[in-house]
Each structure stands twice: as structure tokens, then as C-alpha cells.
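Trainee: Chain residues, written in single-letter form:
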Amino acid sequence: MRRVAGLVAAVVLLVAVTVVALHDWSGGKATASVRIMIGSEKFDFFNDQDVKGELAAQGLKTDLTTTGSWSMASADLSGFDLAFPASQPPAEDIRRGHHITTDTVRPFYSPLVVIAHLATANVLYANHIAAKADSGVWKLRMHEYLEAVRQGTTWQQLDTDHSHAELTGALYISTTDPATSSSGALHLAQLSYLANGGAVVKDGQGVARVSGLVKQLTGVQGDQKTSSDGPFKDFLSGVGNPLVLVYESQVAALLAQHKPVDDLVVLYPDTTVSSDHTAVGLTPNGDKLAQLLRDDPKLRALEARYGFRPQADAAAFAAAVGERDKNPVLAPDLAAAGVAQAQVPTLDVLTELVQTAKGR
Amino acid sequence: MSPVRAQFLRRSAALLAGLALTLTACSSDPSPGPVSPTAKPGVLRVLASSELQDMTGILEQARKATGITVQVSYTGSLDGADAVSSGQADGKYDAVWFSSDHYLGLDPAGRAKLVSETPVMVSPVAVGVRAGLLSELGWGDGSKVTWSQIGQAAASGRLSYGMADPSRSNSGFATLVAVASAFSGASAALTDADVAKATPQLKQFFTGQKLTAGSSGWLAQAYQKPGQGEKIGALVNYESVLLSLDRTLTGPDHLTVIRPVDGVVSADYPMALLSSAGQPARESFRKLTGYLLGADAQKAVTEQTLRRPVTPGVAPAPGLPTDRRRELPFPGTRAVADGLLSSYQNELRRPSRTVYVLDTSGSMAGTRLKQLKAAMSRLTGSDDSRGQRRFRNREEVTLIPFASQVKAEKTHTVPEKSPQAELAAIDADVQALSADGGTALYTSLEDAYQVIARQQAAEHDDRFTSIVVMTDGESNEGATDGQFRTFLQGLPAGQSVPVFPILFGDAAKGQLQGIADLTGGKLFDGTGSLEGAFEEIRGYQ
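Quick note, the sequences are listed as chains A and B, same order.
To convert, note that position 221 of the first sequence is 221 in my numbering; the numbers rise steadily by one, no gaps.
To convert, note that position 15 of the second sequence is 15 in my numbering; the numbers rise steadily by one, no gaps.
Simulated from the structure, these hints should not be mistaken for laboratory data.
The reader is advised that the hints may include incorrect statements.
[Said to hold, decoys possible] A few chain A positions that, by computed beta-carbon distances, are all more than 12 angstroms from chain B:
{"id": "1", "residue": "96"}
{"id": "2", "residue": "142"}
{"id": "3", "residue": "222"}
{"id": "4", "residue": "284"}
[To be verified] Part of the chain A face toward chain B, derived, beta carbon under 8 angstroms:
{"id": "5", "residue": "50"}
{"id": "6", "residue": "53"}
{"id": "7", "residue": "100"}
{"id": "8", "residue": "103"}
{"id": "9", "residue": "154"}
{"id": "10", "residue": "162"}
{"id": "11", "residue": "168"}
{"id": "12", "residue": "169"}
{"id": "13", "residue": "219"}
{"id": "14", "residue": "226"}
{"id": "15", "residue": "233"}
Even for Gly, the Cβ is constructed at its ideal location relative to N, Cα and C.
Make the full structure from the sequences, and use the hints.
Mentor: Here's what the structure looks like:
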């Protein structure tokens, strides 16, 4: 009986397959499958139905794999059409490792920010480590923060009335693992720039000058997550360190999609680093996808809906996150908010910095 | 033939082949069947932590919603990490889903094998305390208790508890990291110096550990039964496991779940794709994680399993307290993590008294005896990075080979330092075993109980005590099962020791299951891998 049922099912399926196959063949232009490796922070964007729809209209269909940006250069990229890390240095690493000669494309960027619960931000404010502008934008005063870190300050010392049981232990910002993930490595770039007196670290001597600080701030964290999605999800579910480094885009995406974020505060470091999401095309189809992400107006609007700032369209981001007067307040115009940008060291120096920080 | 038609025929053939496989699988096993040996479209083969068995209903919902069938093989999280690091999981599974990727992530080789790590839900490690005990200990409603208070209650003998073996289970490991962090006063990630500093307090804390197990399920059962004396007072495990268990408990067994205010270590259940997985599996993975992170699935997760959701806008289930806890950082290197585990096994925990009752009857001659010797020999070897296998420093090991009667009784105590010589002596005794005679299973077990009584009387010590019995046949001489039952009933309370039988060769499963049930032990199947069974039992000793 079962066998008969199976046979019937098989015949039905055969008919269905015929219909599907013929439909594929006769319907419109061919769709090319583009296999891409991305940082986890871009997964939701590429998985969006509207993004898929616009790409399909342009003849592309994506097959996604996510991994930490710095893992991509050492990953097996055979069969991939595009590698899309969250910043330039790993993109440069991929180009070198895979002998790519075409130019990279940087469709959008996102500054690194620190997230905290409102109670935590208020403790930092009381200690002059955080500031709040009339516009409602919160800033993290990096000089004061690093001075407190150098002195080995604990949350018990900052939270003088001990009103928050969860605020204990050393003061630090937790990040992803700089050896595997772009945001962790960019944070080291930011720290080294500040510890070097506001100048980019250029060589091994420069790395040596800042090694104490980057080692300290990496060592205290213990095991670090491989990719930026992990610490952010942990924070949203109520666990993790009081201060977490994330991409602005991760928070902005929630706002643009009207998702509630409880009492989350976005602290813009007064000197931060932006992640220039950099696409490395490995095949012509990969190149085509990268260019669409940069030039297609529909895709740009969708990028902003996922919290990214399109390079060629500053207004898109402001329009997507809208005007807000309650937490978390974002700063669409970084310059107006007084947020400066640290310069990122070259690939080789950054690699040395990461190795030093990890004590290798 | 036109290219289009050729492609169509290839597609149809592939789909029909897939369908045929599906039908075969369905007719042979309608339940969540075994993991298929090769990747298939619409199927995701997952190696998962054993506690994720409570996700079966939600995975079934996922199948209905996405068409993706999840085939799961369950394991202890740390054993699973070994399988990934060593490459044994490549090709066999498409994805892994452990309670945490902390341990695996500390090994660069293991880390490189995973992509697309996605936390799915969260639960912190917690202490479930027997309801009546809370007021006795002066802990109010339990919302302000620290690890130090728990440690003091354990040290003074007022709080006994059960905890899973940290070398096998993530809940045990997370607990070990949490107490080591809390006791050392470490303000950041643990170092070897922190562990050394916390050692005196850790030893005191572990005097209260009266039950150890390789799995949470067995601990939950043991909590409800008086073992050696009184019922234990508490269980340490994930909040979700304790709250779920509490739903099944009645009267004085009810648990109050405490998240110590000085910090917790949380599991965030990341699902990750193995980098060896092919395209159909990647597509299945994407669909499945997309479904699990959706609001409906997250709501089902928190309500059914009492874990905490990770998707914004989904509230934790009623009864999950929302006040925050400090997350204690996890060690940053494998060396510190393994050092902590090794200290736990060889220095911090209560030592063990372990008795092996080994069938060396005539039917064991040849291959079977060789397998037995190899399995026992592994427990004396040096291949033991995190204390998951070998006889521990301070452990008292007694070998009782039997056939028609007990043939010998050899006891070794592994010294506190430099264990190698004593381990070699145990191995020498194992290698000298020979096979002949009948199978007096029950009489030999009774002898083992008498050996333990003599050892306890002579040494007046405080040890985890257990018996392992391995047989390849049916008891055909000496005492009957009825006589054994009467014997057990006559034992004084302090001597009711659990027996862990290992099924091997032509053993009578009914007899062995009966022994496990009567003594509060657990049956292990050694017919697939005798070595594996001997090793798994280490978590219970």
C-alpha cells in the first residue's frame, strides 16, 4: 500500500517538476545565483524579501554564508562570487590572498557605537565619562574612559550608591574577537589612535607604544564572540557586559523597522571609527552585485532601512531612522554631533596590533 | 536533446531520487529518525547538546512552516566540541547546536570549522533550592543570594547539591567558571592566578556536591529520590532546566530558582553551520534560523522551554525575572579553561570511590576480553586534556573480576601528586585479566557492596561512591535477582550505592536494567562502543 502511495506521489511530483521546469525556462530573463560571504551584521539585509525582490529584478539571486570579516581571508572562497567584509583592511587581505586585481566597492558604511542600558549610561554620566547633548545624542568621552581604564576602575567605584547589582567588575567595552571580526579589530584601531595621541599608528614601534592598553582591554574580556551578531543578541536578551561595541546599523535597523528596544542608549564615542563595508568581487556576477548595492536607488533605500549609511546618499539614512526625541537617539549628521573619526592603520600594522592585543 | 530538456530530466531524476529516500526513511522509522549519512535537500543534520531535546516540538513546528526536517544527534556539549575540532563532524553533520560555543571557540581549529554562528535563546546558570530550605538558610525569597552565601552553606553542611560533570556538560562547566570568578573576586576574565586564589573557597563549595552526572536528566531523577541518606537540597543547572523541572515537581520537592546576584554565566545556544556543509544544507540552515528567530518561534521557545528570547519585542515567559545580572567573563584561553577543569577533577571536588565488577567468564575469551582491556586501559592513560576520562588524583579504584565467583579484589588509590606509577599499576592489573568460568552476577555485586562497607569502615571518608558492572551474559550461578533485591533492602541507608551496568555481548538487558532501577543507577550500552560506555560513566563517578 505504502509503495502504491509512493508511486502516486512520485507521478504527482513529476508533473509538478515539469511545470516548474518549463516555467523557469519560459519566464523572463535568466537569474544568476551569486554566492556571497558576508559579515553577520548584513545577514538580515540580504535576507529581506524586498532586497531579494530588487536583486531578482536585476537578475540576481543570493546564496548567503556569514562569518567574521577577518575569517574571510583564510576561508575557502572557492565557489564564491563575492566576499563582503565589514571594513577595508580585511577586504585588502582578501584581495591580496586571492590575487584579485579589480577595484573594491564600498556601497555603505556605519560608525561603531557603544550600547548600554539607560541606568548604566547615567552612571557614566555622573562620572563625566559620558555626556548628553541638548539634541539628546549621547557621547562617550574616550579620553575620560581610557583614563578610568588605565586606573583599573571598577563599576563598584563608579556606581557609588551601589543601586545596580549587575554593575560590578572592571570597566571595559566588550567587543568581538579582533582576530576574526571586523568590529573588534576596528576598536583596536580606535584605541591605538587615541593612545598614540590622536595619530594613526604607523609601524612596529607605534604598536609597542600602545601595546599595554590594547592588551589590557582585550585580556579582561576573556573569550570573545566571533561575529558582531552574537554580542548584540546577547545584550538584547539581557545578558552580557554593561558596555558593548556594535555597529550603529544594528541599532538603527531596529528603529527603522519599528522594533522596540527597551531602555537601550546609543553612546557615540567622541572619536570613533566607521566600518566601510567593502565588497570584493571574485567573479563578474559578484562585481555586478557590488555595483548594484552602490548605485541602485531602491537598494540604497533598503540599505538605510537596515541601518546602513549609503555612501552616495546621505539623506537616505536620516529619512529611514526619522526624528526621535527618546532613547535611543541617533546622530544622522556625525560631524554636527561632534563625532570625530580615527584613521585606521594599514593592514600590516592592524594585523600586528591584533596579534599584540591577543598576546600572541 | 536540447540543453533545456536535458537539464529538466536531470532535475526530475534528482528529485525522484530524493523522494525515494524520503519514503524509505518514513516506512522504516516514523519517529525523529536517525541522522542520514549524506546531505539531502530539505534536511539539516545537527549535532546538538542533549538538553535541546526539549526543542523537539518547536522543530516540528519549524518543519511545518519551512519544510526543513531537522535530524538531530544528541551529545554532551564538550564531547561535541571535541567531535568538531577533530574533524569527525565534517560531512556527517551540517550544523551544530550547543548550549554555548565558549569551549569550542577557545580552540582555533574548532572555531575555523564554524560559520554563521547565531545565538537562538539564552539561559543563565542558576541554583534551584528545595523550597523549605530557603527560610532555614535565611535567604528570604532568594532574590538577593550571592555565590559566597551558597558556598558558606555548602561548607557548613547545610546545603547539599547535585551538579553535572563540568568536563562533559556545559552547565557544569559554566557553574565552575561562575564560582571560580565569584570566589576569586576577579573583576575580569579568569586567569590561572585567580583560580589559585579561589582554590580554598572552591574546595569548601564542592564539599556540598553530593551528586555528579554526565547528564542533567539523571540528576533531576536523583533529586527526587533519597540516595545515600537524605534527599539533596539543591541542583545547579541552567535556569530553564530548573524551572522546567519544577513544573513536574510536587510538595516539598519544589524548587526556588536563584540567580546569584554576584554574577552568572549564560548559555546563548548558538546554532552554527559547519564550514564543510554544502549548498542545500546552507539553504536549510538559513531557513531554519530565520524561522527560529521569528517572533512566533521565539514566543514558543520562551513559553515552552523557559529560556529567554533574543528577538526584540518578544517578552520572556511569565515567571522569568527581568532584573539583570552581571555576566561573568569566560576564560580567554584553552589553557586556563582546561587547567580549571583539571583542578576540579584532581584537586577541588570530593574524591571518588569507584568499584568495577568485571565479567571475565569463559564467553569473554578472545576479542571481548581484548576490548574490555582496551576500554579500561584508556582510563589509565595520559590522553586527558580536561579530566574527562582518566582515574583522578585521590580516586580509590577497586577491580573485582568475576566468573563463577569473585576471582580477585584489587584496590588502588591514585595519589594526590604524580599519579603515573599508580595508574600504570591499575593498567597492569587490567592487562593480567583472563577469561574462564560461569557468570555469578548477583553474588559478585553483593561482594562489591561488602567491599565498599569495609572500605568505608576502615577509612571513615567522604567520597562519591559508585559501582560499575560489565557483563556479556546472563547470571547463571550464585544469587538470584530476588535474593539480590532482599540483600539491597537489608543495606543500611549510608550504603545504598548506585550501580551503573554496561550491556555487552549477549548480556540480558532486563537483568541489567533491573539492577540500575533498583539501585538508582543508569544502564549504559557498550555493544556499539565499549570504550565509549566506560568513558561516559566517568561523568557519574
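Trainee: All hints, please: hold or fail.
Mentor: Going down the list of hints, with the structure as the test:
1. Residue-level check passed: residue 96 of chain A sits 19 angstroms from the nearest beta carbon of chain B, beyond 12 angstroms.
2. Listed as outside the interface, residue 142 of chain A is consistent with that label: its C-beta sits roughly 20 angstroms from the nearest C-beta of chain B, beyond the 12 angstroms cut-off.
3. Under the 12 angstroms C-beta cut-off, the non-interface status given to residue 222 of chain A relative to chain B is violated; the minimum distance is some 3 angstroms.
4. Even its closest Cβ contact with chain B, about 20 angstroms, leaves residue 284 of chain A beyond 12 angstroms, as expected for a residue assigned away from the interface.
5. Annotation: interface hint on residue 50 of chain A violated; nearest CB of chain B at approximately 15 angstroms, more than 8 angstroms.
6. Taken as an interface hint, residue 53 of chain A does not check out: its beta carbon lies about 16 angstroms from the nearest beta carbon of chain B, beyond 8 angstroms.
7. A cut of 8 angstroms between beta carbons decides the hint on residue 100 of chain A: the least distance to chain B is about 21 angstroms, and the hint is violated.
8. Restraint check, residue 103 of chain A versus chain B: the minimum CB separation of about 27 angstroms is more than 8 angstroms; hint violated.
9. Interface restraint check for residue 154 of chain A: the shortest CB-CB distance to chain B comes to about 5 angstroms, inside 8 angstroms, so the restraint holds.
10. For residue 162 of chain A, the suggested interface contact is broken, since its CB lies about 11 angstroms from the closest CB of chain B, more than 8 angstroms.
11. Given hint, residue 168 of chain A at the interface with chain B, holds; its Cβ is 5 angstroms from that chain's nearest Cβ, closer than 8 angstroms.
12. About 5 angstroms separates the beta-carbon of residue 169 of chain A from the nearest beta-carbon of chain B, less than 8 angstroms, and the hint is met.
13. Using the Cβ-Cβ criterion of 8 angstroms, the hint placing residue 219 of chain A at the interface with chain B is satisfied: the shortest such distance is roughly 7 angstroms.
14. The interface hint given for residue 226 of chain A holds, since its Cβ lies 6 angstroms from the closest Cβ of chain B, which is under the 8 angstroms cut-off.
15. Satisfaction of the interface hint for residue 233 of chain A is found here, the shortest Cβ-Cβ separation to chain B being roughly 4 angstroms, below the 8 angstroms cut-off.
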